[in-house]
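Asks: Given next are the chains, with one letter for each unit.
Protein chains: 2
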Amino acid sequence: MYRSKTCGELRLADKGKTVTLAGWVQKSRKLGGMTFIDLRDRYGITQLVIDGAADPQLVEIAESLGREFVIQATGEVLERQSKNPKIPTGEIEIKVQKINILNKSVTPPFTIEENSDGGEDLRAKYRYLDLRRPPLQRALALRHRLAQEIRTYLDGEGFMEIETPYLIKSTPEGARDFVVPSRMNPGQFYALPQSPQTFKQLLMVAGYDRYFQIVRCFRDEDLRADRQPEFTQIDCEMAFVEQEDVLKTFEGMMRAMFKNAVGVDIPNPLPRMSWYDAMDNYGSDKPDIRFGMKIHEITKQVQGVGFSVFDSAEYVGAINAEGCAEYTRKQLDELTEWVKRPQVGAKGLVYIKLNPDGSIKSSVDKFYTPEQLKAIADALEAKTGDLILVLCGPKRKTQTQLGVLRIEMGNRLGLRDPHVFAPLWIVDFPLLEWSEEDGRFYAMHHPFTAPKPEHEKWFYSDKKEDLERVCANAYDFVLNGSELGGGSIRIHNADMQKRMFEVLGIGPEEAEYKFGFIIHAFQYGAPPHGGLAFGFDRVCALFGGQETIRDYIAFPKNNQGRDVMIDSPSKIDQVQMDELFLASTVKE
Amino acid sequence: MYRSKTCGELRLADKGKTVTLAGWVQKSRKLGGMTFIDLRDRYGITQLVIDGAADPQLVEIAESLGREFVIQATGEVLERQSKNPKIPTGEIEIKVQKINILNKSVTPPFTIEENSDGGEDLRAKYRYLDLRRPPLQRALALRHRLAQEIRTYLDGEGFMEIETPYLIKSTPEGARDFVVPSRMNPGQFYALPQSPQTFKQLLMVAGYDRYFQIVRCFRDEDLRADRQPEFTQIDCEMAFVEQEDVLKTFEGMMRAMFKNAVGVDIPNPLPRMSWYDAMDNYGSDKPDIRFGMKIHEITKQVQGVGFSVFDSAEYVGAINAEGCAEYTRKQLDELTEWVKRPQVGAKGLVYIKLNPDGSIKSSVDKFYTPEQLKAIADALEAKTGDLILVLCGPKRKTQTQLGVLRIEMGNRLGLRDPHVFAPLWIVDFPLLEWSEEDGRFYAMHHPFTAPKPEHEKWFYSDKKEDLERVCANAYDFVLNGSELGGGSIRIHNADMQKRMFEVLGIGPEEAEYKFGFIIHAFQYGAPPHGGLAFGFDRVCALFGGQETIRDYIAFPKNNQGRDVMIDSPSKIDQVQMDELFLASTVKE
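Chains as they are written, first to last, in our numbering: chain A, 1 to 588; chain B, 589 to 1176.
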């Protein structure tokens, strides 16, 4: 061992001990004939002191050290004269007797501090240096801690972690697969899994009634910001359970993770909200409930007074931005432009200001009397100083727009503290979505999701309105406006599955082609089962109080799916192409 | 929840309780008007009893149940009349009041018992049914347990599990890579990792001084028996350590695994053996030390009496097969043919029998006096009744053949009990191997393995004989004749790395092309580091007392790299090929 102690563990109680540390030179400075070195490792920073009057050779070595040199230093633990209360080792320093340079370093391309001076691209290229920075060290330490907590909890609940294959088969459903040409089976390809969904259901058929896996998944999609072509999933499935069992088990897991990894107590039981309530009140199936500002429908209140925009709308809804009555004309114009951007897509924005002087000012003053406006304000429980923002249009679309506006106002008003955690379950999703365009139903989750037992009567009905009101035994785990995971109780009964295909307009041949393998397996005694999966990268980021996942992945890819550090993907040899029976069709 | 208890947990103390179980019908039989059903789940088997005099509807349901039907049964726990001491639930049975058929099953293609009547191919096709069998359930449960123990131990030792990418870059060294065409980067490919070697060394550069990962790796090799194209590795690396620290840490991990997963105490500290001793005494770098039968060199003793075969041999060695003097002529002929097979490759086999009557009989009687043969027997500490087997030829080759013969005799003599565990470290490997053919040295492990500090003087020497005696800071963990893992202390010093490339005849350009990326990273303050990796599939199999890994992988591939259950690999759509800018060159 090159060290007897780490750079993070010495305290005043260690005074007088002779220790050996090893680490990286964070910085070095001369002061009054002394050389001070901040020595850094994963555990912290310890100050080394080399007396100018000491052995000249030692002084010479100390003065030769550059940033990020790797050294080993032996010396005595002393009490510091001027203590540094900001770091746990701030009360001591090491009076160095010996320094051994383990490795030199060329000058790093950016500073390796809490906040670096390096740009994103440069830091990505030198990821191994960026990873030395404390925020990334904390991120990966949190990720490790969370993975441990998950495994400890699920192991304690009788779950078995079972590894499923990575070289599987391309499926005609879902997103695009990454494929892997097989040299031994010319012209054929494996696919990398988008999720272990099929395998975990097979494991239920095989009797492994509590399965989990922290597993890499792959999707060859055009990358949006903060999406990765490879991502990690906490994948779980249980047999002989109902929805209630799944929810209880996994909110227990989340409770343990919050408690043990970040020291936060979350409510027991967690709040649950139906999909309908989430849409109506928050305009989102992943509501951020850290703050109120709920959406109120005011359709009936505002219609029939001759304002044609509202009169012709299916739905009119509003939120109350508390304390925003002082928004200027300019700010309101900017906000109007903001909701009209294609990302939000509203046609316009109506406001009602409850001015501090008691007056009411609105962009639709000429259609509504102050009394009418006051009635709307009352419906939203708005008070003097508040600002009501109104959108209208088709119901779900407008609710969604109001939901986006609500989040924006929450951000502007500082209501979204990343270190406050407000998890909840969203339940009672519609089983089916009607597509006007295609004139048919689609499965909202996937065609193996079971209807709620109490809605089965509607599921077997031929009426569209009955089918529309069937809810699924499906659930999402939502935290602070992000969906962290979700799942469902699966259909295990062949007749019900047949009915589902019928409802979706999937004929027997198409069902056989697309899902034949799993349907066959289900003939051999499939137990009732259900499960869920969490996006582990996002879980880590949100637990760490961050919105973006990239810092929580040791070696992420950029938005073009490239690893700029190792310069991948790249061309391969013609020999390798030939062995794989492949030719490129790229025009050079 | 469909059950209040599992099929493995009820005992006599539960007598009188009303319980609900759920599981699969293992078998069902009528006896004296009663119907007996063995209900099975992952936890065990419980006997259900349906009284013929009970509710006729219940009797009818009970009699309709086929093998592998999934049912839910409620009833009272009774003490069994005729107890079954073979199963933990054998003292009780359930007097059933209600049965609910959760799912029917078509007749499975083979019996789902401890030993199945299904052939290997059939069971592979219906892997999800084979996985219901108790031996496979035990295998996967052991695998889960071992993974948990590894993580708990390493977490306790301050290791962080850090996930490294699966979509990486093809490298010109090592085995063949599986590649993944990139749609977003036309004409370019990712590679799947053969191991996270580069990334774990980068993590050391990044300061994560104790890293591990249980990680999937991929090698596109022609598959030998018991090799899989995807396999799981316990991958570990530490910084600021010497070989001793690595060995102590990981034998601690193995000790915890043996203790907690299979209840076995292994020696503390573990035995260590130099590579040279392993080759000389066991003819293998992965010696099975569960039994003796060591190899003895007898070159000097047997040369110079005119037996030209021995006189012209570089090396003559022997093993003593205790108690085998009664081997018949036929058995000895068969053994001679066995060692002459190409898999062993010996030219012939000489034997010396120490007959029960005190006489000595050998196949080389005409060259050696009984006294000379007795002297050889004494050298091998052979006694009356033993059989000495002698091979000759080039030294290492002959030792290896003797090693293979020793294992065979160990098997024949029942000396290799799979439930006896004899782990050890092999250390002091040669750093370099001289290739007569190419007239150059090759790295025995890889070109980043460090020489032992005390051998550095020879490493910088220009003499071939000096370089040949340099030992590496490399080590293998061996159990019962299998290498479970291995690793090395890496070179972290640029000058030493340069010297290594020089010794291997790798010029600066070639080094830059092959290893440029990691060499560059090492310029930024690489700490001293080292690590190792274990083959997790094999670890599981050996801990389970099995030689083959296939039962310890939930969904393995066959020897053609195919998953016959999902029928993968398979062809993909032309559309997908076009999107990837690929054309197949397979002649249809």
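Any given hint might turn out to be false.
Unchecked claim - Here are the simulated BS3-like pairs of lysine-lysine, each with C-alpha atoms no more than 27 Å apart in a straight line: (1) B:Lys1175 / A:Lys98; (2) B:Lys1040 / A:Lys514; (3) B:Lys1040 / A:Lys300; (4) B:Lys692 / A:Lys587.
Claimed, not checked - To be clear about the criterion: a stretch of chain B counts as covered by chain A if any three or more of its residues have a C-beta under 8 Å from a C-beta of chain A, and this derived list gives those stretches: (5) 736-750; (6) 766-778; (7) 870-880; (8) 986-993; (9) 1056-1069; (10) 1095-1103.
Simulated from the structure, these hints should not be mistaken for lab results.
C-beta: ideal position from N, C-alpha, C; glycine also.
Asks: Tell me, in ascending order, the numbers of any earlier hints that this structure violates.
Replies: 1, 2, 3, 4, 7, 8, 9, 10
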